[in-house]
Amino acid sequence: AAEDNELINLAKSKGAKGINIGGICCTANEILMRHGISIIGNFLNQEMAITTGAVEVMVVDVQCIMASLPEIAFCYHTKIITTSEKAKIPGAIHIQFTEEEALQKAKEIVKMAIENFEKRNKENVLIPQKISNLVAGFSYESIYYILGGRFRASYKPLNDNIINGRIRGIAGVVGCNNPKVSHDQIHIKLVSKLIENNVLVLQTGCSAIACAKAGFLDSVKGLDYAGKGLREVCEAVGIPPVIHMGSCVDNSRILLAATCVVKEGGLGDDISELPAAGAAPEWMSEKALSIGQYFVSSGVFVVFGVNWPTFGSKNLTKYLFEDIEKEVGGKWAYEPDPDKMADLILKHIDEKRKKLGIDKARERILYDMAMRRELE
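Heads up, the sequence shown is in the numbering used here, so the first residue is 1 and it goes up one at a time.
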């Protein structure tokens, strides 16, 4: 709808240069991957976006929405629009979204934003000028192509570099922002330490946006934060040391990528044998727990920060932190400190490398022709 010529002309007639769309939170990751629309920020940036004075309309869907938005918007000219029966908010305008009427509803919302542009107080507009670049849109399918090209698509280069030690292991760092801790800081400190120690990090959701702000998802600048081995691989392939894989509800892409690594061979026969771990350092939404549980059930070691909901039951906590590993190969852990969380992940990765027999560098031998014949 924002690319409709009629609406663009209408916007220009109101004094605007055009129509600008930006994304926040999960929706931001989705529209970035599919339409190349820029990210404004993550979960804790949604109120701040309104306070720039440059938002005519904010549209929300079903999750990670602050109920305070209409109250903040009341101080500005911004209109808050809800689109789902599941998430109506007092003080907001409701426009029910249906797939059959998607374009019609979108045009209605865009027109409402255009009409509201004239109410913008230009003297009070304050837009932060800091911009970060990122490479986004990775999926387990696209990784095949990136690593091997059109004709030799394969996860083998990744597996080989984990085996030879250039890449120490893989970590999925995902999840929310949490207002109980400094905005983005736990994500940034954790990921910084992991990539410094040659761990390739896969990210989704608000965690990916946090690290994009820090420059970790930039294929040039991000290399400055990576360890020597990881940097060599990323430079050769042309990727950042932190891989953006979508919104917080797209964590299955990370799990599928782990499955592809196992299928490629050389790193065990099950996800639970991989030198890999997961973390949600600033989680706040209940969906994070369900996502974490299906990773644990698939054999992944998963660490959560900020708080943990089962400490009221010693038996349940012991089961989740210890006993469940005997059943599914994965288990939970809790650690609010980002440095200690990184140490837990690195320790787990090193233990898995030792079990696979790839914890020590192997001597490189140059084979002559006689030695090659003996191999046959």
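Bear in mind the hints are in silico, worked out from the structure with no lab data behind them. Hints are supplied without guarantee of correctness; some may be wrong.
With a cut-off of at most 16 Å between alpha-carbon atoms, the simulated EDC-like pairs for lysine to aspartate or glutamate come out as follows [said to hold, decoys possible]: (1) K111 <-> E3; (2) K347 <-> E141; (3) K263 <-> E141; (4) K111 <-> E6; (5) K263 <-> D250; (6) K17 <-> E115; (7) K355 <-> D270; (8) K14 <-> E115; (9) K14 <-> E118.
Just pull the numbers of the violated hints for me, sorted ascending.
2, 5
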